[in-house]
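With the sequences and hints as input, model every part of the structure.
As a plain string of letters, each chain reads:
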Amino acid sequence: MSASLSLRAVDKVYHPRGRSSVHAVKALSMEVDRGEIVALLGSSGCGKTSTLRMVAGFEDVSAGEISLANRRIERLAPAARNVAMAFEGYSLYPPLTVRENIAFALKRGRLSAGEVSRRVQEVAALVEIEPILDRYPNSISGGQQQRASLARALVRDAALYVLDEPMGQLEPQLRAVLRGRLKRLLKDRAMTSIFVTHDQTEANALADRIAVMEGGMLQQFAPQHVLKERPANLYVATFIGEPPMNVFDASVVRDDGRTMFELDNGPSFGFGDNELGPEVRQAIGKRRRVVIGVRPHRVVLGNGSAETARVVSNQWLGDQSHVAMAVAGKLLVAVSHARVRAAIGESVPYGVRAQDLHIFDVDTTVALAHGARAA
Amino acid sequence: MAQIDMAQIEIRNLHKSFKDDAVLKGLSLSVDKGEIVTLFGPSGTGKTVLLRLLAGIHPQDAGTIFLRGRDATGSPPDKRGIGMAFQNFALFPHMTARDNIASALTARKTDAGEIARKVERVAQLLKIGHVLGHSPRELSNGQKQRTALARALVADPDILLLDDPLRNVDAKLRYEMRLELPALLKRVGSTVVYVTQDFKEAMALGDRVAVLLDGRIAQCDTPARIYAEPVNVGVARLFGDPTLNLIEVAPQLVDGAPEIRLGGAAIRLPASYAAAAGSPCLLGLRPEGLRLVDGPAPGAIAVDLVAVTPLNEKSVLLLTMQGGEELLASEAGDRDEPRRPGPAHVAIDPDTLLLFERESGRRFIPAENGKGGS
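Chains A and B, in that order, give the protein sequences. Quick note on the working numbering: the first sequence kicks off at 1 and runs consecutively. Quick note on the working numbering: the second sequence kicks off at 1001 and runs consecutively.
Note that these hints are calculated values from the structure, not bench results. Ideal placement from N, C-alpha and C gives every residue a C-beta, glycine not left out. It cannot be assumed that every hint is accurate.
Which residues of chain B face chain A? A few of them, derived with a C-beta cut under 10 Å, are [as the list claims (entries may be wrong)]: (1) Phe1018; (2) Gly1069; (3) Arg1178; (4) Ala1228; (5) Val1231; (6) Gly1299; (7) Thr1309; (8) Leu1317; (9) Met1321; (10) Leu1328; (11) Pro1341.
Here are the simulated PhoX-like cross-link-like pairs (lysine-lysine), alpha carbons at most 20 Å apart as the crow flies [claimed, not checked]: (12) Lys330/A <-> Lys1079/B; (13) Lys1079/B <-> Lys1127/B; (14) Lys1172/B <-> Lys228/A; (15) Lys1079/B <-> Lys1033/B; (16) Lys1186/B <-> Lys1118/B; (17) Lys330/A <-> Lys1127/B; (18) Lys1118/B <-> Lys1079/B; (19) Lys1127/B <-> Lys1033/B; (20) Lys1033/B <-> Lys1186/B.
Rendered as structure tokens:
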């Protein structure tokens, strides 16, 4: 697939008056394929919104290049970029009704009135704003404005769709359905899209690939299942996934064909060489200290497991149990989709399998191995 | 008034209006000693108002609040012996976090060494030990919130009111606190009313969850029962991620057994729902109670799988039935082959099915021993 949007070594430095400058985006390079949906995900201040604003043209780049459909755009005005956008600050035009606002986005397309009306109706149905099409922006709720703004972007034919927290203000009930519909629309029409979110649920649900940012730098850019199964570093490992990955500092001890991970003030997890193969052992190398991790839903509970731990909390959320156990002075969380009957204070058997183990360098935090394979 | 044997907090028929806006309309709730009740409901339903009435910050228009068996009407906030942490932090700006927390104890003339020990301990539990020397403006919102929480907890209050104390805390820490807070509260032994807007937090933290809807407590029950046996549609739809599907149906008796038509298929309901035959109903289907099956089968509905959206360790499937009505299903676990959009069949787990009266929204309670069809 050919790249549609391409960022090369993009930097953004802010110089607030009277304060030291802020390096918000650092040497960011990434390519978005034609028809691909990409999420920029990170906590506040990670650089994701600055990146999106540079793509849309609301911010200048401090350095680097941005191309869209083989055309350099980083110096072009927003309107000249052939980008459709839904931004929080990019508000609806107050003197026009919602319908007129959405139709206005199509004006330059020289479509027949019937075609404009059909397209407005279609996108309004998708985001469920048909009943308010003839209202004015200041008479509708924040969530409705957000959907109207989204509709105005989606109705256009553009080379790129740029969406800022597209469902941030919507009720959870509507959000789940809208995500499915939006994904279907974007995929059916191969609409190349890039959106910002701080909510990994949203990123997971919509995006083909997710760019995880932190400290202005791209940490990893990969599909959701890769971020989950092969996180590039400890930041991504503990940021992606709800609840977060369990991680522990451990000493590595070799003992008679076994590799032992001895947790500080805690148990020791041992794996035979048949379980923890040469590839992983080589990745660990001569390190005496590593960080090991296991995802909560991969922790095995029940008889036959090697270790036991005291239950600190056991919470049933209707469709899953979250069991927290005291391990090495911290909490080890196990998630089960079946209801777990274990009382607080009870000792329960648990285990970690070699195939579910993630191993990280203790200093650089870079991943060394995931399951049976080196990182 | 003589002390009588009743719950630690007993609220009877409470009313409160602001101008013409009736917020609480005859609310009743009782909370036992040492119990954690999470108060949950959509925003704007009056959860914070209820806490303020309990704390004595506002007077009620009508109704009675009994605290520890005594009528608290007219008793000012500082005489109610209640610990509070509200959303707006209300920390003293000129004091360090340590002094803010300690302020709850110094007023009671506790020994200085004892105060220091207690402050350190509660700060460790709430993971703010490293910022005790900071002033409020040097704290993040999450740290301010935990400082306010620490101040409320340090005095071991026997009644504690918490207004969404984890709201501004980042997701990871919020999750940790969700696991640890119940044990912490139990150790203090307080009777707790905890306001939250997050259903998972409500279920995880509460011994019981009180659902506030339309000015009253619609249901106060254990988390498991609230989820599995909601009293009405309003309660049911507040829980679950995604929330339950609601579909208009009209059960009929076919060969003596209740049955509905759904997406062109005839679905047999459990016999215990026989009494619902002939009434307009809403069928409530939890997404995790819907299962894709291979090919047509009795009771399976032909659907179009529109989109697959991953949700943590689950996948959410958007399905449309004949006629275009949408259903959300969710499935746990990893699949070797990701599901692709296209025709599919879905079956309903009868144990998770809920049925409501369409008019009133009340849930049909399935009849006991109602297995007449067998």
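Right, here's what the structure says about each hint:
1. Phe1018: At about 21 Å, which exceeds the 10 Å cut-off, the nearest Cβ of chain A leaves the hint on Phe1018/B violated.
2. Gly1069: Constraint on Gly1069/B not satisfied, violated at 29 Å.
3. Arg1178: holds (8 Å)
4. Ala1228: Hint on Ala1228/B: holds, closest Cβ of chain A at ~8 Å, below 10 Å.
5. Val1231: Val1231/B check fails; min Cβ-Cβ to chain A is 16 Å, beyond 10 Å.
6. Gly1299: Not OK, violated: Gly1299/B not within 10 Å of chain A, min 22 Å.
7. Thr1309: holds (4 Å)
8. Leu1317: It holds, given that the least Cβ distance between Leu1317/B and chain A is near 8 Å, below 10 Å.
9. Met1321: violated (14 Å)
10. Leu1328: holds (6 Å)
11. Pro1341: holds (7 Å)
12. Lys330/A <-> Lys1079/B: Cα-Cα ~39 Å, so violated.
13. Lys1079/B <-> Lys1127/B: violated (31 Å)
14. Lys1172/B <-> Lys228/A: holds (16 Å)
15. Lys1079/B <-> Lys1033/B: holds (19 Å)
16. Lys1186/B <-> Lys1118/B: The given pair, whose Cα atoms are some 16 Å apart, holds under the 20 Å limit.
17. Lys330/A <-> Lys1127/B: Given that 20 Å is the threshold and the Cα spacing comes to 13 Å, the pair holds.
18. Lys1118/B <-> Lys1079/B: This hinted pair is violated, its Cα atoms lying about 23 Å apart.
19. Lys1127/B <-> Lys1033/B: violated (27 Å)
20. Lys1033/B <-> Lys1186/B: With a Cα-Cα distance of about 11 Å, the restraint between Lys1033/B and Lys1186/B holds, given a limit of 20 Å.
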